[in-house]
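Undergrad: Throw the hints in and build the complete structure from the sequences for me.
This is what each chain is made of:
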Amino acid sequence: MVGEQKGMNKVRKVLPSLLVLAAVVAIWWAVVVATRSVIFPTPWQVVTGTLELAQDGTLWDHIGASLFRVGAGFLLAVLVAIPLGLWMGWVHGAFVTLNPLFQILRPISPIAWIPIAILWFGVGNASPIYLIFIASVFPMIVQTTVGVHTIEKRYLRAAENFGVPRGKLFRQVVFPATLPQIIVGMRIGLGVAWLVVVAAEMIALRSGLGYLIIDSRNAGNRYDLVIAGMIIIGLIGLALDGIMRLLEGMKSVRWRYVH
Amino acid sequence: MFIKTKIRVQNIHKGFPAEKGRLDVISDLDFKVGDGEFVAIVGPSGCGKTTLMNIIAGFLAPDSGAVLIDDKPRLAPNAKGVLITQQGSVFPWLTVRENLLFGLPDEMPNREALAQEYAELVGLKGFENNYAHELSGGMLKRAEIARALVVKPEILYMDEPFSALDALMSLRMQNELLRILARERHTVMLITHDVEEAIHLADRILVLSPRPARIQASFDVPLAHPRRVSSPEAQSLRVAILRELGVELA
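Chains A and B supply the protein sequences, listed in that same order.
Position one of the first sequence corresponds to residue 1 (the numbering used here), numbered consecutively onward.
Position one of the second sequence corresponds to residue 1 (the numbering used here), numbered consecutively onward.
Treat each hint with caution, since some may be false.
Stated by the list, open to error - Counterexamples of contact, computed for chain B against chain A with all Cβ distances above 12 angstroms:
id: 1; residue: Pro17
id: 2; residue: Asp24
id: 3; residue: Val67
id: 4; residue: Leu68
id: 5; residue: Glu112
id: 6; residue: Gly137
id: 7; residue: Leu165
id: 8; residue: Ser170
id: 9; residue: Met173
id: 10; residue: Glu196
id: 11; residue: Arg204
id: 12; residue: Arg214
id: 13; residue: Arg228
id: 14; residue: Val229
id: 15; residue: Leu242
To be verified - Using 25 angstroms as the maximum straight-line C-alpha spacing, the simulated PhoX-like pairs for lysine-lysine come out as follows:
id: 16; chain 1: B; residue 1: Lys152; chain 2: B; residue 2: Lys125
id: 17; chain 1: A; residue 1: Lys168; chain 2: A; residue 2: Lys251
id: 18; chain 1: B; residue 1: Lys125; chain 2: A; residue 2: Lys251
id: 19; chain 1: A; residue 1: Lys153; chain 2: A; residue 2: Lys168
id: 20; chain 1: A; residue 1: Lys168; chain 2: B; residue 2: Lys152
id: 21; chain 1: B; residue 1: Lys125; chain 2: B; residue 2: Lys4
id: 22; chain 1: A; residue 1: Lys251; chain 2: A; residue 2: Lys10
id: 23; chain 1: A; residue 1: Lys153; chain 2: B; residue 2: Lys80
id: 24; chain 1: A; residue 1: Lys153; chain 2: B; residue 2: Lys152
id: 25; chain 1: B; residue 1: Lys80; chain 2: A; residue 2: Lys168
id: 26; chain 1: B; residue 1: Lys152; chain 2: B; residue 2: Lys32
id: 27; chain 1: B; residue 1: Lys4; chain 2: B; residue 2: Lys72
id: 28; chain 1: B; residue 1: Lys4; chain 2: B; residue 2: Lys152
id: 29; chain 1: B; residue 1: Lys152; chain 2: B; residue 2: Lys72
Hints in this document: simulated from the structure, not taken from any laboratory.
Cβ atoms here follow ideal geometry from the backbone N, Cα and C, with glycine treated the same way.
TA: Have a look at this one:
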């Protein structure tokens with residue numbers, strides 16, 4: 001009985017958002033039918049287009065290519081941003097030296113880097129990976145640095161009081177105290193990375209979801225596939241954020257999020 | 001009876017920059033605490049009690065004067081004297097067990113057993129693997145006391161340790177503290193605004209003056225434990241201390 005009630009509550013929670021989605025699809029369908037558009041597809045045409053791509057296998061290749069580029073660029077950014085952010089947060093000299101440079105680089109849209117990426121890395125996988133790296137590294141550096149700067153003094157004092165070695169201080173105080181902010185940075189970073197991979201693929205490459213969208217338009221106005229690509233990008237983005245949110249559920253970081 | 005001096009606070013002076021010149025917080029403060037003695041310091045709020053505690057524990061340097069521990073000047077904090085504050089500082093990202101292990105060197109062979117022993121001593125058996133946000137305020141305080149005691153400090157510095165707890169839990173923790181201190185003899189410095197708490201716990205009570213803080217009066221508490229704060233002796237002591245603090249009781 002209690003389980004049933006819980007189930008009901010869950011349904012009640014997601015019901016409004018499902019209704020909104022259904023309404024959007026319905027309006028879209030009605031408008032396409034009413035205007036007798038020959039180019040803009042109905043939701044059903046998008047579904048059949050997607051199935052077509054899934055059956056001949058190209059859909060999975062495009063998704064795989066995009067995920068690989070995001071994975072590689074994001075991982076590189078994590079490997080650079082976390083140590084750098086911790087260092088800048090802990091050592092004041094590193095912060096005042098490097099922070100102005102990063103504050104100048106940070107607002108430059110990754111799209112603006114595309115010509116330089118092509119110049120340096122050509123049109124292979126390295127270009128989008130570099131763009132993703134550039135896009136996600138700065139938010140993660142900033143969040144990590146902020147995380148170190150906002151460690152409460154009482155905790156640092158307690159650590160100082162027990163006089164532990166430097167390595168232990170980092171392992172058991174500075175890093176875990178910053179971890180919740182690092183995870184926030186990773187969420188932002190992965191979100192931006194996913195935005196950028198699509199933009200980057202629209203320009204140079206022969207695979208990926210961004211390529212799928214541009215190619216579908218160029219090769220015969222297949223707007224059903226354009227919209228299919230957009231929806232898949234949205235759903236994968238949602239899934240990636242969901243995975244990052246799982247990290248926020250770890251017991252050792254929950255103290256920062258629950259209040 | 002001769003008691004060795006453990007803490008010697010020698011003519012310390014401390015001021016902070018203010019809008020107009022400097023604000024003197026502590027001026028010419030001078031006292032001793034004997035080895036194994038429990039000294040409570042009471043004073044009006046804002047009189048510089050916490051500044052004083054931070055200086056004695058080594059987190060803050062005085063402008064002049066010195067703090068000597070075992071006749072040696074204290075320059076930085078160390079695990080010989082552990083500070084427990086009102087806000088608490090149990091690491092929320094570690095479990096109770098990991099918090100207790102924190103101050104023990106990694107190469108210490110019996111550290112796990114020691115942590116277990118102290119978790120049990122403060123009544124946290126069964127909660128070793130819980131995180132701070134899964135504990136109540138009283139349990140958090142117990143964890144903090146256990147983490148301080150497990151490193152076998154010689155001195156406990158307590159700055160309003162139980163003020164954030166409700167009245168009942170505060171009394172309960174005072175009794176717990178006395179039970180633990182009866183087992184292990186520590187030198188204790190307690191800062192509190194609660195005169196009854198001071199009478200309940202301390203061997204000697206120092207009354208600080210309003211800013212700049214200096215010792216205004218000193219009271220011995222010649223009562224055997226367990227004490228009853230409602231006893232006539234304790235009550236007349238309370239009236240005398242409150243009078244020093246400028247509160248007249250009818």
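Undergrad: Indicate, hint by hint, whether the structure satisfies it.
TA: Now the hints, each set against the structure:
1. At roughly 19 angstroms from the closest C-beta of chain A, the C-beta of Pro17 of chain B stays outside 12 angstroms, upholding its exclusion from the interface.
2. With a least CB separation of 24 angstroms from chain A, Asp24 of chain B remains clear of the 12 angstroms interface cut-off, as annotated.
3. Listed as a non-interface residue, Val67 of chain B keeps its Cβ farther than 12 angstroms from every Cβ of chain A; the least gap is roughly 15 angstroms.
4. Listed as outside the interface, Leu68 of chain B is consistent with that label: its C-beta sits roughly 19 angstroms from the nearest C-beta of chain A, beyond the 12 angstroms cut-off.
5. Non-interface status of Glu112 of chain B relative to chain A is upheld: no Cβ of that chain comes within 12 angstroms, the nearest being about 16 angstroms off.
6. Interface exclusion of Gly137 of chain B from chain A stands, the closest Cβ pair being 15 angstroms apart, more than 12 angstroms.
7. Taking the minimum C-beta to C-beta distance to chain A, about 17 angstroms, the non-interface status of Leu165 of chain B holds against the 12 angstroms cut.
8. For Ser170 of chain B, the shortest C-beta to C-beta distance to chain A comes to about 20 angstroms, beyond the 12 angstroms cut-off, and the non-interface label holds.
9. Taking the minimum C-beta to C-beta distance to chain A, about 19 angstroms, the non-interface status of Met173 of chain B holds against the 12 angstroms cut.
10. The claim that Glu196 of chain B is not at the interface with chain A holds, since no C-beta of that chain comes within 12 angstroms of its own (minimum 26 angstroms).
11. Distance check for Arg204 of chain B against chain A: the nearest CB is about 25 angstroms away, which clears 12 angstroms, and the non-interface claim stands.
12. Every CB of chain A lies more than 12 angstroms from the CB of Arg214 of chain B, the least distance being 26 angstroms, so the non-interface label holds.
13. With 12 angstroms as the threshold on Cβ separation, the claim that Arg228 of chain B sits away from chain A holds: the shortest Cβ distance comes to roughly 35 angstroms.
14. A cut-off of 12 angstroms between C-beta atoms confirms that Val229 of chain B is not in contact with chain A; the least separation is 30 angstroms.
15. With 12 angstroms as the threshold on Cβ separation, the claim that Leu242 of chain B sits away from chain A holds: the shortest Cβ distance comes to roughly 31 angstroms.
16. Distance check on the hinted pair: Lys152 of chain B and Lys125 of chain B sit about 20 angstroms apart at the alpha-carbon level, within 25 angstroms; holds.
17. Annotation: proposed proximity of Lys168 of chain A to Lys251 of chain A holds, straight-line Cα distance about 20 angstroms (limit 25 angstroms).
18. A distance of roughly 20 angstroms separates the Cα atoms of Lys125 of chain B and Lys251 of chain A; the hinted pair therefore holds under the 25 angstroms criterion.
19. Proximity of Lys153 of chain A to Lys168 of chain A is assessed by CA-CA distance (about 18 angstroms); at most 25 angstroms being required, the pair is judged to hold.
20. Restraint check: the Cα-Cα separation between Lys168 of chain A and Lys152 of chain B comes to about 20 angstroms, which is no more than 25 angstroms; the hinted pair holds.
21. At most 25 angstroms may separate the alpha-carbon atoms for a hinted pair to count; Lys125 of chain B and Lys4 of chain B exceed this at roughly 36 angstroms.
22. A hinted pair counts as satisfied when its Cα atoms are at most 25 angstroms apart, and Lys251 of chain A with Lys10 of chain A qualifies at roughly 24 angstroms.
23. A threshold of 25 angstroms between alpha carbons decides the hint, and for Lys153 of chain A with Lys80 of chain B the separation of about 20 angstroms falls inside it, so the pair holds.
24. Simply put, Lys153 of chain A and Lys152 of chain B have alpha-carbon atoms about 24 angstroms apart, close enough for the 25 angstroms limit, and the pair holds.
25. At most 25 angstroms may separate the alpha-carbon atoms for a hinted pair to count; Lys80 of chain B and Lys168 of chain A meet this at roughly 19 angstroms.
26. In summary, the hint linking Lys152 of chain B to Lys32 of chain B is supported, as the alpha carbons are separated by about 22 angstroms, within the 25 angstroms threshold.
27. Under the criterion of a C-alpha separation no larger than 25 angstroms, the hint pairing Lys4 of chain B with Lys72 of chain B is consistent with the structure, at around 13 angstroms.
28. With a CA separation close to 19 angstroms, the supplied pair Lys4 of chain B and Lys152 of chain B stays within the 25 angstroms bound.
29. Between Lys152 of chain B and Lys72 of chain B, the direct Cα distance comes to roughly 19 angstroms. Compliance with the 25 angstroms bound is thereby established for this hinted pair.
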